[in-house]
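Going down the list, the sequences are from chains A and B. Counting from 1, position 169 in the first sequence corresponds to residue 173 in the numbering used here; the numbering is continuous, with no gaps. Counting from 1, position 196 in the second sequence corresponds to residue 200 in the numbering used here; the numbering is continuous, with no gaps.
Wrong hints could be hidden among the right ones.
Not everything, but these chain A residues come out facing chain B in the computed CB check (under 8 Å) [to be verified]:
(1) Lys-15
(2) Ile-18
(3) Gly-235
(4) Met-272
(5) Arg-279
(6) Lys-281
(7) Ile-288
List of simulated lysine-lysine pairs, DSS-like, C-alpha gap at most 25 Å [what the hints assert, rightly or not]:
(8) B/Lys-155 <-> A/Lys-63
(9) A/Lys-210 <-> A/Lys-220
(10) B/Lys-63 <-> A/Lys-73
(11) A/Lys-321 <-> A/Lys-73
(12) A/Lys-63 <-> B/Lys-153
(13) B/Lys-15 <-> B/Lys-30
(14) A/Lys-153 <-> B/Lys-153
(15) A/Lys-115 <-> A/Lys-73
(16) A/Lys-216 <-> B/Lys-63
(17) A/Lys-220 <-> B/Lys-63
(18) A/Lys-73 <-> B/Lys-216
(19) B/Lys-73 <-> A/Lys-216
(20) A/Lys-220 <-> B/Lys-87
(21) B/Lys-63 <-> B/Lys-48
(22) A/Lys-153 <-> A/Lys-48
I should point out that these hints are in silico values taken from the structure, not numbers from a laboratory. These numbers were taken from a predicted model, which means no experiment stands behind them. Idealized CB from N, CA, C, for every residue including glycine.
2 protein chains.
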Amino acid sequence: MELTNNFITIKAHIDGEPKETDFENKARHLALSVAPCSNDIIVKNLYVSIDPYQINRMKSWSSSQKATKITVSIVIEAYGVGKVEASGNPEFAKDDLVVGLLIWGEYSLLKGEYILRKLDPMGFSPSYHIGILGHSGLTAYAGFFEVCKPKKGEKVFVSTACGSVGNLVGQYAKLFGCYVVGSAGSKEKVAFLKEKLRFDDAFNYKEETDLKTTLKRFFPDGIDIYFDNVGAEMLEAAVANMNFFGRVAACGVTSQYNDAGKRCAPDMEGVVYKRIKIQGFISIDHMDIFSDFVSTTAYHLHAGDIQAIEDISLGLKSIPLAFIGLFHGHNIGKKIVKIADE
Amino acid sequence: MELTNNFITIKAHIDGEPKETDFENKARHLALSVAPCSNDIIVKNLYVSIDPYQINRMKSWSSSQKATKITVSIVIEAYGVGKVEASGNPEFAKDDLVVGLLIWGEYSLLKGEYILRKLDPMGFSPSYHIGILGHSGLTAYAGFFEVCKPKKGEKVFVSTACGSVGNLVGQYAKLFGCYVVGSAGSKEKVAFLKEKLRFDDAFNYKEETDLKTTLKRFFPDGIDIYFDNVGAEMLEAAVANMNFFGRVAACGVTSQYNDAGKRCAPDMEGVVYKRIKIQGFISIDHMDIFSDFVSTTAYHLHAGDIQAIEDISLGLKSIPLAFIGLFHGHNIGKKIVKIADE
Numbered sequence: 005m006e007l008t009n010n011f012i013t014i015k016a017h018i019d020g021e022p023k024e025t026d027f028e029n030k031a032r033h034l035a036l037s038v039a040p041c042s043n044d045i046i047v048k049n050l051y052v053s054i055d056p057y058q059i060n061r062m063k064s065w066s067s068s069q070k071a072t073k074i075t076v077s078i079v080i081e082a083y084g085v086g087k088v089e090a091s092g093n094p095e096f097a098k099d100d101l102v103v104g105l106l107i108w109g110e111y112s113l114l115k116g117e118y119i120l121r122k123l124d125p126m127g128f129s130p131s132y133h134i135g136i137l138g139h140s141g142l143t144a145y146a147g148f149f150e151v152c153k154p155k156k157g158e159k160v161f162v163s164t165a166c167g168s169v170g171n172l173v174g175q176y177a178k179l180f181g182c183y184v185v186g187s188a189g190s191k192e193k194v195a196f197l198k199e200k201l202r203f204d205d206a207f208n209y210k211e212e213t214d215l216k217t218t219l220k221r222f223f224p225d226g227i228d229i230y231f232d233n234v235g236a237e238m239l240e241a242a243v244a245n246m247n248f249f250g251r252v253a254a255c256g257v258t259s260q261y262n263d264a265g266k267r268c269a270p271d272m273e274g275v276v277y278k279r280i281k282i283q284g285f286i287s288i289d290h291m292d293i294f295s296d297f298v299s300t301t302a303y304h305l306h307a308g309d310i311q312a313i314e315d316i317s318l319g320l321k322s323i324p325l326a327f328i329g330l331f332h333g334h335n336i337g338k339k340i341v342k343i344a345d346e
Numbered sequence: 005m006e007l008t009n010n011f012i013t014i015k016a017h018i019d020g021e022p023k024e025t026d027f028e029n030k031a032r033h034l035a036l037s038v039a040p041c042s043n044d045i046i047v048k049n050l051y052v053s054i055d056p057y058q059i060n061r062m063k064s065w066s067s068s069q070k071a072t073k074i075t076v077s078i079v080i081e082a083y084g085v086g087k088v089e090a091s092g093n094p095e096f097a098k099d100d101l102v103v104g105l106l107i108w109g110e111y112s113l114l115k116g117e118y119i120l121r122k123l124d125p126m127g128f129s130p131s132y133h134i135g136i137l138g139h140s141g142l143t144a145y146a147g148f149f150e151v152c153k154p155k156k157g158e159k160v161f162v163s164t165a166c167g168s169v170g171n172l173v174g175q176y177a178k179l180f181g182c183y184v185v186g187s188a189g190s191k192e193k194v195a196f197l198k199e200k201l202r203f204d205d206a207f208n209y210k211e212e213t214d215l216k217t218t219l220k221r222f223f224p225d226g227i228d229i230y231f232d233n234v235g236a237e238m239l240e241a242a243v244a245n246m247n248f249f250g251r252v253a254a255c256g257v258t259s260q261y262n263d264a265g266k267r268c269a270p271d272m273e274g275v276v277y278k279r280i281k282i283q284g285f286i287s288i289d290h291m292d293i294f295s296d297f298v299s300t301t302a303y304h305l306h307a308g309d310i311q312a313i314e315d316i317s318l319g320l321k322s323i324p325l326a327f328i329g330l331f332h333g334h335n336i337g338k339k340i341v342k343i344a345d346e
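Could you build all of it, start to finish, from the sequences and the hints given here?
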């Protein structure tokens, strides 16, 4: 059987803020069969992940591209959940539910070495496995517990606290017994953090004129842990308000993604004297704790003391706007596009 | 017996570059005796340490002053070696050689809680115990081994490599089997690093126009460890040239000491993707390894494979210029002022 596989691609490398016209829908014929000994797999995509870091791979140049730069007009890889349509790999059979590195398209044709595993949804929506039980969750979990090594009662600040990772960092920190304040970009989000996610406090950074003073107000006794998703002035202000032996988990730099000139300039004298650690990290370095992370998080989800916050758009064609929306703060929680029903 | 104790103090807080006129010589009468049960000690100072970080304690405000700000017209504390003249503390007797927190003066009158211990010079000049076998040495040792956790063959960059700490970091790193490049501020120092201390390479940063390109030239395969004594552009350039899982030991910020506006702006996207760790640290947090550090370093000194580089000025009155000279790169190695003969 042969069909037309629609997928999203970029027309050219994107060096400013992403716009709808930077993307296009392409179509290719795809035979829904693989040679028996080829190891190839065809996956029908159900849900794909929409993540801010992907912008870096779309640029002409970025620090992150030593690994993976996206080629113009070629499929864009993204974590996703799907169903096996055809498999030359004996470990996978037709109709297996799988999670792994798929594409922003209707079908993923996986060849050579690929990242894919069979998925037991554990009673949750399959979409959870690219969000709270996938790399967003692992990023929050590893960043908070492994990088920051929190102690009960410590004061935690999370930026982009309504984002896919930030909301979970706050939830883990609350569960662990920390005092948690989040920053977000709207009144609605601030209310969401305080009322729905039970953050101790939250503020709309767009209403603040001097972030150092703001953080002093929310943390009169200083910050012990800063989970940084934005960089720039927020990082500078957090370092200025940090306690001795404070830790910064450097997870993302949204401020820099669309504007490479935007840099933070933390007071290095403070970093030295306060013995602050600033540690960049990526979830894939913490795969050794993946099963611990999944079982702990699934337990708390079942117990109802952690919530999965998803923001799902429908249909392949919604991908460009879903992605662009990340940079305008449109999403609350994990941004996902649902491509097809199971 | 009563005498006049001369000491150096500051006339006002120093917020720019230190000048000779910022300092003055004061004198006070001092009775060379203590009440038997007072716990007080009077030490005749032999050598005192001259360190760049002391400028921060002389400022109106600095991140480091949560601990100790220097009061105008009052004695200035500094590590030193001396001889006990009189002691109310049964642990110390007249003529004991001691090391600890003394003052920039001829005699130190220690009261209440003080930092002092009896010194076994181990066959070395007593001055070594405020340099290579004191906090300068511990800073280099702990910063390199504990903070950076080096592996043999790694590429190490040290700034202010002719300074009291930098020269030792390079020597430890060479002994450990790393590739070491240092930066310094003169041709003479560059030659010293390469010829006398056997650094693999060295450069004069004043002759370079673009530090990122410079470091690329000296580290075509990237930097694994950066021992940072300066901050600002050098830190930015080092981060730009750093390998995955690179480590920065943030030890000092000489670029910022005299010019608080000078800030580094490292590429945080690089920090995240390359999983770079930037760790501020101070030697006193590593007192648990002090005896290991001393025995290892003494062993290498006796074996002749580490050299103590000292730059000694003579007499109390030489202190202001010795201190000011630190900020003009006048010293090679540990800056010490010899106050008196044993």
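So, going through the hints one by one against the coordinates:
1. With a cut of 8 Å, the hint placing A/Lys-15 at the interface with chain B is violated, because the nearest CB-to-CB distance is about 23 Å.
2. Taking 8 Å as the C-beta cut-off, the interface hint given for A/Ile-18 is violated, the closest approach to chain B being about 15 Å.
3. A cut of 8 Å between beta carbons decides the hint on A/Gly-235: the least distance to chain B is about 4 Å, and the hint holds.
4. At about 4 Å, the closest approach between the beta carbon of A/Met-272 and any beta carbon in chain B falls short of 8 Å, and the interface hint on this residue holds.
5. A hinted interface residue such as A/Arg-279 counts as satisfied when its beta carbon comes closer than 8 Å to some beta carbon of chain B; here the least separation is about 5 Å, so the hint holds.
6. The criterion of a C-beta within 8 Å of any C-beta in chain B is met by A/Lys-281, whose closest approach is roughly 5 Å, and the hint holds.
7. Nearest Cβ of chain B to the Cβ of A/Ile-288: about 10 Å, over the 8 Å cut. The hint is violated.
8. The suggested pairing of B/Lys-155 with A/Lys-63 is violated, with an alpha-carbon distance near 34 Å, which exceeds 25 Å.
9. Distance hint between A/Lys-210 and A/Lys-220 is fulfilled; the C-alpha atoms sit about 17 Å from each other, no more than 25 Å.
10. Distance hint between B/Lys-63 and A/Lys-73 is unfulfilled; the C-alpha atoms sit about 48 Å from each other, more than 25 Å.
11. Pair hint A/Lys-321 plus A/Lys-73 holds up; C-alpha atoms about 22 Å apart against a cutoff of 25 Å.
12. A distance of roughly 34 Å separates the Cα atoms of A/Lys-63 and B/Lys-153; the hinted pair therefore is violated under the 25 Å criterion.
13. The suggested pairing of B/Lys-15 with B/Lys-30 holds, with an alpha-carbon distance near 10 Å, which does not exceed 25 Å.
14. A hinted pair counts as satisfied when its Cα atoms are at most 25 Å apart, and A/Lys-153 with B/Lys-153 qualifies at roughly 19 Å.
15. Between the alpha carbons of A/Lys-115 and A/Lys-73 the distance comes to roughly 18 Å, so the proposed pair stays at or under 25 Å and holds.
16. Annotation: proposed proximity of A/Lys-216 to B/Lys-63 holds, straight-line Cα distance about 21 Å (limit 25 Å).
17. Among the hinted pairs, A/Lys-220 with B/Lys-63 is consistent with the structure: their alpha-carbon atoms are about 23 Å apart, no more than 25 Å.
18. With a C-alpha separation of about 23 Å, the suggested pair A/Lys-73 and B/Lys-216 falls inside the 25 Å cut-off, and the hint holds.
19. Between the alpha carbons of B/Lys-73 and A/Lys-216 the distance comes to roughly 23 Å, so the proposed pair stays at or under 25 Å and holds.
20. As the CA atoms of A/Lys-220 and B/Lys-87 are separated by approximately 47 Å, the hinted pair breaks the 25 Å bound.
21. Among the hinted pairs, B/Lys-63 with B/Lys-48 is inconsistent with the structure: their alpha-carbon atoms are about 28 Å apart, more than 25 Å.
22. Distance hint between A/Lys-153 and A/Lys-48 is unfulfilled; the C-alpha atoms sit about 40 Å from each other, more than 25 Å.
When the structure is compared with the earlier hints, violations turn up for hints 1, 2, 7, 8, 10, 12, 20, 21 and 22 and for no others.
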